[in-house]
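Student: Below are the chains, spelled out letter by letter.
Number of protein chains: 2
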Amino acid sequence: AQSMRETARAPRVRELMNTKAVSITEDEKIKTAARKLLKGETNHLPVLDRNGMLVGIVTTFDVSKAVVHDGKNNLVRDIMTKNVIKTHPEEPVDIAAQKLERNNISALPVVDKENRVVGILSAIDLGKLFGGRWQR
Amino acid sequence: AQSMRETARAPRVRELMNTKAVSITEDEKIKTAARKLLKGETNHLPVLDRNGMLVGIVTTFDVSKAVVHDGKNNLVRDIMTKNVIKTHPEEPVDIAAQKLERNNISALPVVDKENRVVGILSAIDLGKLFGGRWQR
Ligand SMILES: C[S@@+](CC[C@H](N)C(=O)[O-])C[C@H]1O[C@@H](n2cnc3c(N)ncnc32)[C@H](O)[C@@H]1O
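Chains W and X, in that order, give the protein sequences. For the first sequence, UniProt numbering begins at 367 and goes up steadily by one. For the second sequence, UniProt numbering begins at 367 and goes up steadily by one.
Worth flagging that the hints you see were computed from the coordinates, not collected in a lab. The reader is advised that the hints may include incorrect statements.
The list cannot tell twin chains apart, which means a pair is met if one copy fits it or any two copies do.
Computed cross-link-like contacts, EDC-like style, restricted to lysine to aspartate or glutamate with a CA-CA straight-line distance of at most 16 Å [unchecked claim]:
#1 405 - 480
#2 431 - 460
#3 465 - 392
#4 395 - 436
#5 438 - 478
#6 494 - 460
#7 395 - 415
#8 386 - 480
#9 479 - 460
Note that this is a predicted model, so its numbers are computed, not measured.
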C-alpha cells in the first residue's frame, strides 16, 4: 500500500475505482432501480440516456424519498439528481475525496472524455489507502 | 514485534465522527425511518431499544428493499440489520476504515462502553484525512 504521508504522487482514481458499475436508463421504473440497487448491493446507480451518456444519478436515498412522497413519482427520471458530481480516471484521489466530503455524497461516477461511465468511486474505496499506515 | 521507528499516531474515530447522529426506535414505522433519513440527509439510522441501547441499523438500502418487497413489512424492526458493525471513539481510524471496506458498508455507529450511540462515522468523513497530503 502507498503511504499517505509520502509527498509522492497521489494515487489516481483509476487505481481505486470499481469498473463493474451497474447503471440504469432514465425512462425505467423506480422499482426497477430499487431492484438493481439491491442486486448490485450498491447505493448508487448512474443514469444513462439512450446514447449511453451520463445524465443523472439515483441512489437508495432517492428511492427512500419516493417512499415518503409515495405514488407521486414513477420513473427514474422523476427522482434522479441531474447535476451529477463526477470524476475521471486520472484525477488524484485526494481531489475526489474532497468532492465527496464537500458535497456530503458517498460516490462519484467515473467518466471518460465522452461522458461515458467507466466506473464508480465510492467513499468506501478510500479505505484501501489506509492499510498498515500508522504504528500501533 | 515493536518497531523503534517514530511514526505518527493514527487519528482516532473521535476526531472525525459526527456527534449529531439521528436515531430511531425499533417499533417505529418504515415510513418514519424514510422521513428521518431524508431530513438528516443521511443514509444511516442507528436503531435503539426502549432503554436507548443500540440494537440495529436501518439504511436507505433497507428502505429500498422494502420497496421491492412492498407491503410485506411495516416496522423498522422488520427491516433493520441486527448484527451491527460498530466502532468506539478511541478506535484508530484506519481500523474503522478497514471495517467499512471489508464489510462494504459506508458508516459505523460509534458507541460508548454501555452500547449507547455517541456518534456516527461515515466513509465520507475519511475524506477529511486527505487535505494537502500529496504534491501537485
Ligand atoms: C445529499 S446525499 C445524502 C446522503 C448521504 N450523504 C450519502 O451517503 O450519499 C443524497 C443525495 O445525493 C445525490 N447524489 C449522490 N451522489 C451524487 C453525485 N455523485 N452527484 C450528484 N448528486 C449525488 C443523490 O441522488 C441523493 O439525492
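Student: Of the numbered hints stated earlier in the document, which are not met by this structure?
Tutor: Result: hints 1, 2, 3, 5, 8 and 9 break, sorted rising.
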